[in-house]
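Asker: All chains should be built: construct the whole structure from the sequences, respecting the hints.
Protein chains: 2
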Amino acid sequence: MADDKKLTTRAKDFSAWYNELVLKAEMADYSPVKGCMVIRPNGYGIWERMQRALDDMFKATGHQNAYFPLFIPESYLHKEKEHVEGFAHEFAVVTHGGGKKLEEPLVVRPTSETIIYSMFAKWVQSYRDLPILMNQWANVVRWEMRTRLFLRTTEFLWQEGHTAHATHDEAEAEARQMLGVYRDFMEGYIAMPVITGQKTDSEKFAGALRTYSCEAMMQDNKALQAGTSHNLGQNFARAFELKFQSEQGTEEFAWNTSWGVSTRMVGGLVMTHGDDNGLRCPPLLAPIEMVIVPIYKTDEERSQVLEAANNIAKSLGAWDRREYARLRIHIDSREGIKPGAKYYEWELRGIPLRLELGPRDLASNQGVLVRRDTKEKRPVSLDTLGEDVADVLSAMQRDMLAAAVDRRDANSHRKPMSYDAFRQLMDGEGGFVYAGWCGMASCEAEIKADTKATIRCLPDEEFRSAEVPTTCLKCGMASTVEALWAKAY
Amino acid sequence: MADDKKLTTRAKDFSAWYNELVLKAEMADYSPVKGCMVIRPNGYGIWERMQRALDDMFKATGHQNAYFPLFIPESYLHKEKEHVEGFAHEFAVVTHGGGKKLEEPLVVRPTSETIIYSMFAKWVQSYRDLPILMNQWANVVRWEMRTRLFLRTTEFLWQEGHTAHATHDEAEAEARQMLGVYRDFMEGYIAMPVITGQKTDSEKFAGALRTYSCEAMMQDNKALQAGTSHNLGQNFARAFELKFQSEQGTEEFAWNTSWGVSTRMVGGLVMTHGDDNGLRCPPLLAPIEMVIVPIYKTDEERSQVLEAANNIAKSLGAWDRREYARLRIHIDSREGIKPGAKYYEWELRGIPLRLELGPRDLASNQGVLVRRDTKEKRPVSLDTLGEDVADVLSAMQRDMLAAAVDRRDANSHRKPMSYDAFRQLMDGEGGFVYAGWCGMASCEAEIKADTKATIRCLPDEEFRSAEVPTTCLKCGMASTVEALWAKAY
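Protein sequences, first through last, are from chains A and B.
Taking the working numbering, the leading residue of the first sequence gets 1, the next gets one more, and so forth.
Taking the working numbering, the leading residue of the second sequence gets 1, the next gets one more, and so forth.
By construction, these hints were calculated from the structure, which means they are not laboratory data.
Even glycine gets a Cβ: it sits at the ideal position worked out from N, Cα and C.
Hints are all accurate, no fakes.
Below, a list of computed lysine to aspartate or glutamate pairs in the EDC-like style, where the Cα atoms sit at most 20 Å apart: (1) B/Lys342 <-> A/Asp129; (2) A/Lys101 <-> B/Glu144; (3) A/Lys100 <-> B/Glu90.
Chain A residues, not near chain B, derived (Cβ > 12 Å throughout): (4) Gln234; (5) Ala313; (6) Gly358; (7) Thr374; (8) Asn411; (9) Met440; (10) Thr471.
Answerer: Okay, structure coming up:
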């Protein structure tokens, strides 16, 4: 292997490691348009599987997909004051269409609340028309100065759920429900544990009543906000006259929620599970679950081994009662590349299992199965390969989540800590710090200025410490809530 | 039923019928952005099923999905001369980003050849890197003056396949293969028969060597170009220096193909199968295959009938060995709406089957099954409902294709026709006319100016007439090919 193929280690430079992994594993590439990336098949295949799983979960909770325009008249974005203040500096603006200057500039959607609720207003008359439970898969554009592949790009792919309800409580329940769906997905599929909780006012979505988020810890101990769910209250309903006649005959404004996750999750997956050899992809999201690498010297051996590999792929890849029982197998039959070089490539790409298959293995009706996560290597009988592989894949999915939980907990701090100790921690190794907060925006702002750490969320009950902190991390005044502090992407 | 719910008949005004159907069936709506539509769940559900089926077919033919940026630097679009001439008048241009004027304007992609092949050029060094077989699902923007829901909108959703090959013949085989995939999909899923063939130079894609298309006949006898596949030759490879080292060590330009279908197909589905009561959706693409309408007078009857409906939905909707054996069923349990009004709504939306279920039906262990396509209504035993429904759905899918083929053939003209007769036909009922063409662009242009009819394609062999036409429809000179003439969307 050429040395230029090797990744910088995580310990040496986490940020360089991440960029090199994404580029060398051919997950994404830079494009000629500043800040916009190209998602290559190895990265897009993971995103596709994320989409499929989430889409099923959205439908199971009663949502339907729809599609709204890419362009939003600039005036629409100005109708909700906080909203436009939050996004205006990121607008990409279309000023010319069909060779002519437009009468009103069009903004490429940074998010679609304004255009969607203007349509809801047209469709809703009575309480009978509620709730509306919609989702759209779309691209959005937010002009960014500093971009990182998958994590922060000018254009990104996401889904945005948008709902309208007759009451505050229904909207609140919806926002919480979708936060739960996100958590289930991130833990169940990405094997990435998250802390859920509420954002402070200074960190909430521009125009929302309340924002909830999922916060994951990356291997450099920084937090990644991996998904958000907003109770928008009646703010957008007022701006767009989204009204309905109630059962009692009164005219009311509807209550909205919106919630989104994006291709950023692919970056989260890399920074949660990658190692110095490349990606480790959780089996449920891997476009290929097992790669078979044939080993041979002669042409005769080659055709013998390839035949066996084809038979395995055919029988294990066959359609079974349930889709997940149908393994996604690839045979790397490329000629002129040595097995070792192939191993290296598939490790870099994070494929969960490798089956090495040579003439001597075949003679004893076995192969050598290698786990990407633990590097464990062991002979397996070809007679029971299907069951073995299914078992190992389930175990990997579980083990990867457990390992990520352990790593996060080992780098979380719940014991009372002085502000000096906190500052030193954030200057050094970082991590998640649970500490009291007086509720003042000024303390929050001063800590951010001092240390770059922010309140990631006010954690939901199940994530709070057994011993409730009684004083504010910064000012020492009585604490009103427990906050989760960390530096973040 | 209020009269304002009724559709204008097709016979009275086909165009008004189409618009009303799309709006009243809540398939799409106009948006506040001129020329851009909102695709509502009833329309998007059909598009989603189209995507799923096509995506499987693309993957089965070895293609992988990827995603390229929405924005293209204007200079890129100018690198292929014919290409920019074909699209420049339709550009939507972003001139400002992040509050600043951009150094170089960005065009919102009208199609992605330029940006994609510039990336291919970066990735390809040797013949070993070929072929590249990629597809992307994306939105594109072409500024349009006259728009029609689904058929022609400024923004639309589509897929665009892009490939690179080492030889002309491989590229040609790929372009033809994907045309075949489109035809299989349109006939097998949309139940919309198509004529495949080659476009003339005046109708081919801007920048292509050859363009092939699928042409379907709508119920007003006009043609709809439902999909195109292009052999791009080396035109874009030259423009973007997409070169590779051949097996012989020489430096060569690659050969490209691109191919696309869009949300326009949803419009084609409506205009192929809709009737004066609304949509008739082919079962394979219907988001709901069967709606159960409970019939009751008392509360007791209601709970009895709903229980039976739930049991049916549960047993027939259960996961079976194959996904298509899992029926997509909806129970319309809305209160305060009479069964007749429900029937009307589901007919408008085109749901293939309706099961009417009342207390008297239940007493004799049966329901009344109504086919949307033929309106046939018959009692069915609940014991064999699963098999019955599966059979009827298969029959509908077949029958709808057969009916569309019959209608098209009845409105196709293959006997020699004078130019006067042709003009009268195009002035009147229209249809597909197979006739000789001398090969001169001038004859093509004159006929278009006279009659608005164009050469839809030079049909592939299997679609050509048994008796080869010997003279040009327009000038009477010797004919070099048989052409398919029609007015088109």
